Amino acid sequence: MGRTLPPASQLILQQVDEIKPLYEALRRSDQLILDGIFEEIGPHRAAISNAANLLPLEAMLLLALLEQHKKFFHKIDELRGELQRLQGELEILKSKS
Amino acid sequence: MKKYTGWLFDLYPDPKHGLTVWLLGEDGKSHSFTQEFSITFYVAGPFHRLRQLWKYLKEKPVVLSRTERDDLYSGKTDVLEVQVPNPIAFDELFKEINQRFPDLSYYDVDIPLILRYAAAFSVFPLAYCKVEVEQGWKISSITALDTPWELDPKLPNLRILHIQPDINPAHATPQYLLVEFQQFKYRLSFEKPREILGVLNSLLMQYNPDVILTSYGDTWLFTRLEELSKETGTLFNPNRDLSRSIRRKKEISFHNYGQAHYRGEQVHLFGRWHIDDQNCMTFGDYGLMGAIEQARVCGLPAQEIARRSPGAGIAAMQALTALRRGILVPYQQQKGEVSKTYDQLFVADRGGLVFEPLLGIYPHVAILDFISMYPSIMVEYNISPETVATDEEDSWLIPELNVKVSSREGLIPATLKPMVHKRVAIKRLLKKIGKNDSRYVHYKALANALKWLCVVAYGRLGFANSTFGRINSHEAVTHIGRKMILRAKEIVEDHGFTVLHIYVDSLFIYRPEATTEQDYQSLLNGIEHETKLPIEVEEVYSWMAFVSARHNSNIPVANRFFGLQPDGEYKVRGLALRREDTPFFVADTQQRVLQILAIEKDPNQLHKLLPDVLSMVQERLSALSHQKIPLNELIVTQTLSRELDQYRVPSPVARAALQLQTVGKIIRMGQRIQFLYTTTEQGVHAWDLPDEFNPALIDVSRYKELLFRAVHEVLQPIGIPENALLGWLFGEASYMLPTGWLDPTQFQKSELPLFANLLI
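Here the protein sequences come in this chain order: A and B.
Residue numbering for the first sequence is 50 to 146, as defined by the numbering used here.
Residue numbering for the second sequence is 136 to 895, as defined by the numbering used here.
Keep in mind that the hints are not guaranteed to be accurate.
Derived lysine-lysine pairs resembling BS3-like cross-links, with alpha carbons at most 25 angstroms apart [as the list claims (entries may be wrong)]:
no.: 1; chain 1: B; residue 1: K289; chain 2: B; residue 2: K566
no.: 2; chain 1: B; residue 1: K579; chain 2: A; residue 2: K119
no.: 3; chain 1: B; residue 1: K624; chain 2: A; residue 2: K120
no.: 4; chain 1: B; residue 1: K567; chain 2: B; residue 2: K289
no.: 5; chain 1: B; residue 1: K566; chain 2: B; residue 2: K736
no.: 6; chain 1: B; residue 1: K552; chain 2: B; residue 2: K579
Since the hints were made in silico from the structure, they are not lab data.
Predicted model only: the values in this text are computed from it and were never measured.
Produce the entire structure from the sequences given, and follow the hints as far as they go.
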């Protein structure tokens, strides 16, 4: 096993290498964000490896999107909770006044 | 005619009678018999060449005939059958004809004698047998009264003699021989060789051990005893068959699963076993009990299988099944890979599925473990070299690989089936009886012995030199394995569990309210029903910590974790204390940290134990700085991965090995070299050098670094950043921890407002 195919971690590194021209032409602040995106993809190596029918970059973009959605929903949940808390406090203040 | 019952103990060729067979009688005595036994092998090839071979062999003492035998892949095959009446003549004869007729295909030629015997009489090593003897000591019939698959076979009470030198002879010249049997212990000085040989001779005569267990017996002790015998003129023969002298097998270096191994010269005895625990591959995992189990299951002699890799055991089992089924065993592997397109290769050439763990510490983590997953797949899904990639009508298709699998039971599933069933039964029994049961150690040894055989069974399918291997079947096993573990993951998530980690055949899962094994029963039933593979809850851990990569605390690492069991013990994988090259001092300190953490069952409270951990570690560091750690606790043991002349830049282990070579020691690839890190120019000092070592030369900072890494490895999942620990242990910072600072589930996001500038 693994005699002929690179492991998923190697595939990720290869993709990082391939997008280097794109990466180099970004501002440092954007480069750091892109670093974060690739870091988040790392733990999904099993999924990349299992998706033999997709190109590695396709799988990685989907996974980046997945991580963005996760963060997004997490933030929405946090905001919803905060909103509920504030509404509750507002109700209390209203009832006091 | 006389009848005996007992255990088949040993057999080997006899120049006059064919075979010498040793039986350990139920009467407690060892019996030596003889038996006529011929060796049969087969030759295939073009008719005119077979004709030439026939003419050549006609003058030899062999019986020739034409017959039809089954080839594993092509079915009925015309072959020339050659029967050699005495086994002792076989090796020379085959060597001769193979040189003269190298273009012919040979079958059933490199099969150990005991396997031929096992196939002919349906017996096996240590089988409980009934033997009928006529004309003095000639066996007329032998019948096994048990099978290798019984959970509690009746076994003989072996008389065991332990002998070993008082020190590793590679390190220093031994002064004493330590002898132990029953409740007796002796310490005999090598300066009195006559006394040593006298005591050993008298023990061999009167105690008459069945097994001699030694340390360094293969590589030093028996050679030394023979030298003493010559020097003093005192006879010494450790064999039970006194007409024989010791049989030696040459040393060997080889690669196995990507690692270099070295096996020293071996000393085998006749009518008695000799096992050197220092010259065995996996003996340490299961001891004599496990070696006996492997011998019974594989059909190889115990003194052989104890030293060899489990792969040799599996190969023997396959050959035995083939012999019993009348299938030809080729001399060299014949079937390669069935060709495939690149797309098919891309899908097929993959290993087991690994889900990286979710970092942090989690309570009530259960490990669900498929018992012997790959062998179970081979048995349940009939994966064998000859069953995969066939065109038979009743075959079933693996669509992703585009290969069909025959429904006719294959050679490998037939070989593995009883062993897999036995291992599953033992594993379930172990679970039932628990660790406190007196039988636990015994069954655990059996389970470990069988585990090693199961582990390599899969590898043999894809091994280039395997007699019965084919990469397509190897790929089919991993493919089904991946499918099954993903199916299990779905079921686990359907039951409301979170999957923390998947490692090939194990799922690490948790659900806060599932705290006992009973909470998992319906889940297990569901998975077993879906996958047809046996699965069990290995343990529900009080908590389990998943460790990140050293260079980046956000990156998880597969199979690196430690989990606290309810009984206070740990399951540890991938930590420093599990690695062979970790010095005892470092491994022991890491173990002590874990012992302190084991007090706390609630992972959210672990940080409260940090002061105890830090104070212990500081004591250890202080002891190291003040040379209070014994030198032998600082030894680093590493395996030489290549021959010395192949190193372009010598690593520390290669430098230590070079030092040994310089003083005349013979160094081979695969040998384990022990050394200390020093502040000298070479940076190392080989432990086995004869000269005295000055402790002031120890590279204290190197050991401090190793210790620091090991301690951080187990504290990092709690949320301790590397630079904070550096400050606490080596800097001026005193330990303080703000409330709520450590959140094990979010630690990788933690910043260090208080300690950010503490980096040393």
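Going through the hints against the structure:
no., hint, verdict
1, B:K289 - B:K566, "holds, 23 angstroms"
2, B:K579 - A:K119, "violated, 45 angstroms"
3, B:K624 - A:K120, "holds, 23 angstroms"
4, B:K567 - B:K289, "holds, 22 angstroms"
5, B:K566 - B:K736, "holds, 22 angstroms"
6, B:K552 - B:K579, "holds, 20 angstroms"
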